[in-house]
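Read top to bottom, the protein sequences are chains U and L.
Counting from 1, position 66 in the first sequence corresponds to residue 66 in the numbering used here; the numbering is continuous, with no gaps.
Counting from 1, position 64 in the second sequence corresponds to residue 178 in the numbering used here; the numbering is continuous, with no gaps.
Treat the hints as calculated values from the structure; they're not laboratory data.
Every residue gets a Cβ at the ideal spot worked out from N, C-alpha and C, and that includes glycine.
Relax, there's no trap hidden among the hints.
Below, in silico cross-link-like pairs of lysine-lysine (DSSO-like), each with a Cα-Cα straight-line distance of 30 Å or less: (1) Lys-57(U) x Lys-168(L); (2) Lys-151(L) x Lys-168(L); (3) Lys-57(U) x Lys-185(L); (4) Lys-57(U) x Lys-182(L); (5) Lys-152(L) x Lys-170(L); (6) Lys-185(L) x Lys-168(L); (7) Lys-151(L) x Lys-57(U); (8) Lys-152(L) x Lys-168(L); (9) Lys-57(U) x Lys-119(L); (10) Lys-152(L) x Lys-13(U); (11) Lys-57(U) x Lys-152(L); (12) Lys-119(L) x Lys-185(L).
Non-contacting residues of chain L with respect to chain U, defined by C-beta distances greater than 10 Å in every case (computed): (13) Ser-122; (14) Ser-124; (15) Gly-130; (16) Asn-136; (17) Asp-138; (18) Ser-142; (19) Met-143; (20) Arg-175; (21) Thr-177; (22) Asn-181; (23) Lys-182; (24) Val-192; (25) Pro-193; (26) Ile-224; (27) His-228.
The primary structure of each chain is shown beneath.
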Amino acid sequence: KAGVTQTPRYLIKTRGQQVTLSCSPISGHRSVSWYQQTPGQGLQFLFEYFSETQRNKGNFPGRFSGRQFSNSRSEMNVSTLELGDSALYLCASSLGGAGPYEQYFGPGTRLTVT
Amino acid sequence: DQQVKQNSPSLSVQEGRISILNCDYTNSMFDYFLWYKKYPAEGPTFLISISSIKDKNEDGRFTVFLNKSAKHLSLHIVPSQPGDSAVYFCAASNAGGTSYGKLTFGQGTILTVHP
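Throw the hints in and build the complete structure from the sequences for me.
Below is the structure:
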C-alpha cells in the first residue's frame, strides 16, 4: 500500500505571497491532520479533516486554512506569508472515525519564506 | 505550556545494549500514547503505541511502558542497533474525547547508537 505523499517537497516563497500544499493520504484513510515543525516550537498541530469537514483546529492564525476533497486528499493554504512561516509542513493520515488510531506521516514540504 | 516533555535532548548507547527513552505528560485527559522515529528530511515513522488501559505493549525489539499515576512513559529498545540512530518523539492524544486528529508531541530525543 502506498504511503502518504506530499507535494511539493520544497518551496521558496516571498513574504506576502500565498502558498498551497497538497497531501494524498494512504488509501482507505479518511482523516488527514496537518502539522508545522520548526526548531523552536517543535511539532505543532494545525488542523484535522475527516470526510471533507474540519473537526479540529490548532492555535494558528486564520492565514492558515485547509480543505479536504471527496477522495480524502487534502490541501493547506497559507496566505500573506511571513518569515516565521518557514517550516517543515507535515501531513498525516489515519483511519479516523471512532477510537484511537495511529497517524502515518508523509515526507513533508519544506517551505522557506524570504 | 508544554503538555508532553522529553527531558533528555540526547542519548548515546552502545550497539547491543538497551536504549531507554523517557517521556512525561501533564494532561490527565491523554489516553493514547505513541512513539515515532524521525530521520532528517523525512516525516516521522510510527513505531509503537499504547492505550491508557494498558501498562505495557511490545512489538519486536520495542516495548513501551506506561505509568499513569506518574504520568510517565518510556520506550525500551533491545538490542539497540546503529540503524536506530534517529530522533525519537513521544506523542499523546485524547482519543476518547473530541480532540480529533490532534497529537501533542514532545521535543524529541536524539538517539545515537555506536557500533
